[in-house]
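**Q** Quick mapping for you: the protein sequence lines, in order, are chains A and B. Its first residue numbered 0, the first sequence is counted upward by one per residue in numbering that gives the first Met the number 0. Its first residue numbered 0, the second sequence is counted upward by one per residue in numbering that gives the first Met the number 0.
FYI, nobody ran anything at the bench for these hints, they're computed from the structure.
As a list, the in silico DSS-like pairs of lysine-lysine whose alpha-carbon atoms are at most 27 Å apart:
#, chain 1, residue 1, chain 2, residue 2
1, A, Lys323, B, Lys294
2, B, Lys33, A, Lys340
3, A, Lys81, A, Lys95
4, A, Lys132, A, Lys84
5, A, Lys112, A, Lys180
6, A, Lys95, A, Lys84
7, A, Lys340, A, Lys323
8, B, Lys486, A, Lys323
9, A, Lys340, A, Lys258
10, A, Lys95, A, Lys132
11, B, Lys486, A, Lys258
12, A, Lys180, A, Lys201
13, A, Lys323, A, Lys258
14, B, Lys294, A, Lys37
15, A, Lys112, A, Lys201
Restraint ranges, calculated between C-beta atoms of paired labels, are given here:
#, chain 1, residue 1, chain 2, residue 2, range
16, B, Leu62, A, Gln296, 17 to 27 Å
17, A, Pro326, B, Leu62, 41 to 51 Å
18, B, Ser446, A, Lys258, 42 to 52 Å
Quantities reported herein were computed from a predicted structural model and do not represent experimental measurements. All C-beta atoms, glycine included, are put in the ideal place defined by N, C-alpha and C.
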Amino acid sequence: MSDLTATDDLPAAGRPKSSLLEQDARTKKRNAAEARFKMYGLIAVTLGLLALVLLVTSILSNGLSAFQQTYITLEVELPEDKLDKEGNRNRDEMAKVSTFGYSPLIATAVEAKVAELGLEIEGLTDPGDIISKEAPAQLRNFVLANPDVVGSTLTFEFLANGRIDGYMKDRVTRATAELDKNVTPAQLDLTDQLEEAGVLEKRFNWAFITAPDASGQRPEAAGLGVAIIGSFYMMLVVLCLALPIGVAASIYLEEFAPKNRWTDLIEVNIANLAAVPSIVFGILGLAIFINFAGLPQSAPIVGGLVLTLMTLPTIIIATRASLKAVPPSIREAALGVGASKMQTVFHHVLPLAAPGILTGTIIGLAQALGETAPLLLIGMVAFVREFPSGPPDGLFDPASALPVQVFNWTQRSDPAFVERASGAIIVLLIFLVIMNAVAILLRRRFERRW
Amino acid sequence: MPLIWLVVIVLVLAAVGYVLGRQRALASTDGDIKTLHSLPSYYGANVALATIIPAFGMLVLWLLVQPAWIENRISGAIPDTAIPEGSNLSLLMSDIQRVASGLDTAVDQGAMTEEEASSIRTEFTDVRQRLGEVGVALGSNVAAPVLRAAQQYREMASSGSLWMTVAVIVLAVGGFASSLAITRADFRARNQVERVILAMLIVAASIAILTTLGIVLSMLFETRNFFSQYPWTSFFFGLEWAPDFRGNSSLSIIPLLWGTLYISFIALLVAVPIGLFAAIYMSEYAGPRMRAVAKPLIEILAGIPTIVYGLFALITVGPMLRDYFAMPMGLGESASSVATAGIVMGIMLIPFVSSLSDDIINAVPQAMRDGSFGLGATHSETIRQVVVPAALPGIVGAILLAASRAIGETMIVVLGAGAAAAQFDRGLGELVNPFEAMTTVTVKIVSQLTGDTDFAAPETLVAFALGLTLFVITLGLNVLALYIVRKYREQYE
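The following block holds chain B by itself, in its conformation from the complex:
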């Protein structure tokens, strides 16, 4: 039975439960609403919730656990001898799954009967060809143990989903009947319903924690796999990035980190002065008319997706920098370079710095400015010696947040910075040349994890170690920014 029908059945049962619960509550007082503990709708809602929540909880749990459980059972049943040379268990499992879903497709399209699908043998039938006829392409011929396991897989999956249907419906009916049975005039239905709703609110709020936990655990787990295959000292302290899927790669984070930090530095070099001066001008000098026009316009820059900046770097800024700066100065011939990515990223960060600083500068009380003017300071002296120092912790916080954004930015560097890692053996000149193509941590995460990937190879797993490092760095910067803002904020009352 398709899942959607199961969901519909439970929902219909809940709707019926709502009506019946409401009627039963009213009937228990002969229609006198005043003697009921709660409003009639709460009795109905109580039955509906009791029907839905355990049933759907079971459904979700079952769907999450079943594939892992079946996989576990099947891979336990496969003898080591069945694993071909040069392959491993996880590759074999994905083969088995592919064959099983191929058999499903064949049955769906009517090219095979259900009975045939569960009884064919590689000795008598060319399974690859039969499946090829219904549009399921398999990479190699199907070995006998794989087919056997695939058939077993289908059997377990179908009996699993049968049991799931039974369990879900039993729970739904059970919740329905038991909650209907206790529906009486003195049953505190509202308190019950509100407790359940509060529990659901708490669950929703906890999703933020689950997400963080998911991020950290998923990356920690794969990073541990990576470090079991590749020494962590070479990862953190090596000087070369040269992945090679045939093995023997050098996977060190230093060249990538160098590119990341260099590009972020240039981005901040562009964004901080422009953003800061723009914020000062907007909040201190600009008239209300100019402010009303220019501020939203600059903030548009913050709403533009990063892929747009990436394309801008690729087709406009990159070629422009190459033709007017790099080539005449003889510094390089590549359109994608540190400067390209850095400048475009700087443009992206301008509104980030300016609107954060703007808020902070506006929070400096007018009395301090007036005091400074009263002593005879000019406007700019007031800003430089009174307003900015008072706002400094906030501004530093804004810059740190911008730096964390720059380090984690992906699309601009993917399109603008290039794919070759910095090479430390070529000397300092090439390392600091802003017109040299350089790659970053985020670019390499993308390139190691897209396309056909083998999750057993260190060349793929290194992306998780890179991701974890990135997560730790940006988290550290954010926490530091918040700490500085809280610690050094002047409290004006």
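Next comes chain A alone, as it looks inside the complex:
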């Protein structure tokens, strides 16, 4: 208040040209620049978050439907004269009837169902096509496992064809069906009516997680079973190799290494390996493990070895950080009561650093789990339907891996595989979230600050 009154008393000539209360043009400009600058920052943060939201929604909206699948319940007659001509229920003789022998049975069953429900649909041809091509194999396996059922009529649950499943998930419409040679609009009408009759329903799809991959014509049957086991085996190899080697290397570099050229060389190498493109590790795996050492292609052991080399720098960096965080007083105390250097490290420092090491290892494993490019080069893209056997032999059997399975599915022409690939990514992301959550929990629970 006082300076206001004071200015009034001043002669006009002595007045300052501008008031502190009123911004001059230059200050306005500077303040506007300030606001703009702050706005740029806010926009950048928002764009980053927006990208994350867009990414997650895109994957979820495309992939969530993979966890639902359309099933059709049918009563199938299993005539003896077709499936077991000799009538002696001998499995070897019955095995001569291929899946082609079984598909007419399913087509008949669908037609019977249509007749039973009294459905009349104009222009309906081949109603049997609404069933997946996987169904005859399913039926055949069941009959061969239980030869006694031949001659009876049993109720089965079959997967619906990929297009019918797509219709139930609004991916296929009548307009696209017109152009599609794999499905007709009349079959979609049939689908509607079967759903009303309760024969056809959509429910949770366990097979997506447990079943093996299926060929390009039957996306409805494709599952992640082999890929999950393959990824699990690789993580096992990485854990068994990268953790001990990484911890041993870090202990040496942090606690024992003298300052010399050799140590410097190792340090530089570790820093560089962390930044080498992952595809280069794939070339290494192909040249050394497959072409030189003669290990089999597509085997989890090779994938595991390659990922071990990739994960080592991550684990070494994390382990060294947590070894460094153990205060020197602990070491001095141990040495003071007569422990050797080695005893100090293994009895006192290492146990105190263990939570940090574990956290780093889990984060390294999570990185390895999502890595795709090097696995493409060592043949993990192969189409594998057989489950690998149990460890340790299974490590040498062909298998797939989660991220590679995603890539594999994106390369197929049927649009239903886009849904499968996104669904597989959701499974992959769930594993990653769990691993990272465990790492964060471990850190919170066991981290010590000195």
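Knowing the structure of chain A, use the given hints to seat chain B on it.
**A** Only chain B this time, still in chain A's reference frame:
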């Protein structure tokens, strides 16, 4: 004898050695622990280590050397006349191996006796059909020399593994006995054990060097093979990429490098401004609450596997760019394009740039900001004229590291950028059109090395030359980044 049994035998021997070594040390002083040089467990551990280490070392060495040695012997024994027209020695060797493993399978399944497998002749038996019965599919009929060589191969492999078993067990028992013999009260067991453990630690630390060496040597070796079949001048200075497995391909790196650099450039165009401004906002303006929420959220982007970004490019960004930009502007009709891959890669790099820059900006001391504020500068002026210049070397380093990541990135470009190489004869318009599909070095490494590959053809070997070039470029960028950061870093105390 399966390998696993051999391993188990050695491990059991080591466990027995531990117990015996411990007892022997105690017995030598009549159970008086005070007169022992080391704790009793060290005597036990010494025996166990002496049993395991030489035996397993021999085992690993043998397993590595044996296949190469057998292959060498067999291929030396094959006369040149036995190699069919249009084939070569390495193809023949893989045939031989396939037949040999087929015979193994047949014996395992009981379709053939051991004796039969080593004595059948192509003159009397249709080997292909016999093996087909047990589920081993062979591409062509088995020629007599191939079968002979395969039988020889099996013979050498089985006698090799017999000798290996003998050698490993002899070494294990030898180590066991000799170390047990020197176990006495005054034997310095702890020093011995600690020396061995230290040696193992050094070996583990050296694996990093071995890996680098493996990468460089494996690629150098195959690259040399490539350049012996294809002139290096055309590889580095040619302008066309047109591989053709029937021969006469043009394999030049320039079109691929152009695609790689163009996509990386767009990626940096997206990632650097967003990442940098986000880092500045987070460290200078944002309150603790916003920082606690937004920073981890943006860093989630760094933890997402690249295949997820690839799928995102393929099913969302690609079609979106095509439908809303490329088609209306008449610039292209392809969903996979430079812009698609570049933008998605940029998103991937945002957290990379932002968290590195964030650390560097936070390292600029508060006193410099306070000085600038004291002179009357606004917050943004302080940032632009004081904080960023002080942090500049670090920021440049972060950008270089991001560039090296972009150049080596594979899955996003495989799924988002397309497979056709840039064509220099079509004019500049197509080269710089961001909505044109273009391919990169990494995409071509993947496509040349997946599927059925013939490691004698230049079309396959070119992937190693591409890989080596990629390795050199990214290594150069990383070293440059580290150099800049170290050289120009201001030291504030």
